[in-house]
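Since chain U is already given, all that's left is putting chain V on it; use the hints.
Number of protein chains: 2
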Amino acid sequence: MKLLEERILKEGKVKEGGILKVDSFLNHQMDIGLFEEMAEELYRLYGSENVTKILTLEASGIGIACIVGQRFKCPVIFAKKSKTKNIDGAVYTAEVESFTHGKTYEIIVSKDFLHPTDRVLIIDDFLANGSALSGLVKIVEDAGATLVGAGIAIEKAFQPGGDMLRKKGVRIESLARIKSLREDGGIEFC
Amino acid sequence: MKLLEERILKEGKVKEGGILKVDSFLNHQMDIGLFEEMAEELYRLYGSENVTKILTLEASGIGIACIVGQRFKCPVIFAKKSKTKNIDGAVYTAEVESFTHGKTYEIIVSKDFLHPTDRVLIIDDFLANGSALSGLVKIVEDAGATLVGAGIAIEKAFQPGGDMLRKKGVRIESLARIKSLREDGGIEFC
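Protein sequence lines correspond, in order, to chains U and V. Reading the first sequence from the start, the letters are residues 19 to 208 in my numbering. Reading the second sequence from the start, the letters are residues 19 to 208 in my numbering.
Since the hints were derived computationally from the structure, they do not count as laboratory data. Errors might be hidden in some of the hints.
Because identical chains cannot be distinguished in the list, a pair is counted as satisfied if it fits within a single copy or across any two copies.
[Stated by the list, open to error] With a straight-line Cα cutoff of 20 Å, these simulated EDC-like cross-link-like pairs (lysine to aspartate or glutamate) come out:
1. 91 / 55
2. 91 / 58
3. 99 / 115
4. 99 / 76
Keep in mind the model is a prediction, meaning the values are calculated, not measured.
Isolated chain U, as found in the complex:
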């Protein structure tokens, strides 16, 4: 998606260790107008799939997922990262390893909100090693729901997550696919 690539080139900053900072428009400050354009593109790709639920992971997926849910006119669920007093009852769980935070945690979704009749589109801001997306896919499968696919803002195509999950048959549509991030700040798209 040209608009997103241009924004990444203009405002993205490459940090040590293959980290791309896009916090001026994607995951700290959020440009809702850009999210609307991203939602429109994802609707073009998945609009005929009768999506009934959008699923994402807290925190940085939530903003994009809400604007996508608005376009698809369906509820948005965000998987939570830790058990709080506020979730009880039966939950689906998965283990996720965070690339950014360097630790493993459990994600949970209440069984009340995902059902075998659901057709689920997963939304996230980044796809790198694929751990978060794998966890969300597992939760959809555990619920017996149909996974329509995933809509990702930025895929780091030089990391293995996208290939691994596509090989397993998951449809992944990434709005920007990065081929390489250079230490000198250079960003190349696929």
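Okay, now just chain V, sitting in the frame of chain U:
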């Protein structure tokens, strides 16, 4: 706001310790159509205030804040709860005590995104003891920005946060104000 109160009465569940579960429409599964109505009401209240930034706190404030930001046509910033590899440089910080999680943590906002020229509307899902809102107010003040006020989905008016902050001169508009939560599940509004 009648629509929100009706939804709380219909789907809210009262748990031990004064906890109100509204995770079927507000903060686990999110009803974006409801968020649009809430954003419309907040625009009626704050629309003449020339808001330039919406500020919220991850994770459960983000969804509402994005739909509000869409209505106000301005960027949305979410304060982050822990220092990750992805934020560096200068930040505003505040200490927040979580009612739900029972612990204290630091919230941070990059100095890149809040400026003295900004007119900030704070959005959050709950107001109870006021710790999160106080932290966000402190960050707006530290930035030298103008605090327009706060838009809260659900205020627990029987807890001290709302009164405390109103006494300090903060304008708070809560879309549903709860007077009491009874152990038998009864919910009474102000």
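Hint check:
no.	hint	result
1	91 / 55	both (16 Å within a copy, 14 Å between copies)
2	91 / 58	both (12 Å within a copy, 17 Å between copies)
3	99 / 115	both (11 Å within a copy, 18 Å between copies)
4	99 / 76	both (7 Å within a copy, 12 Å between copies)
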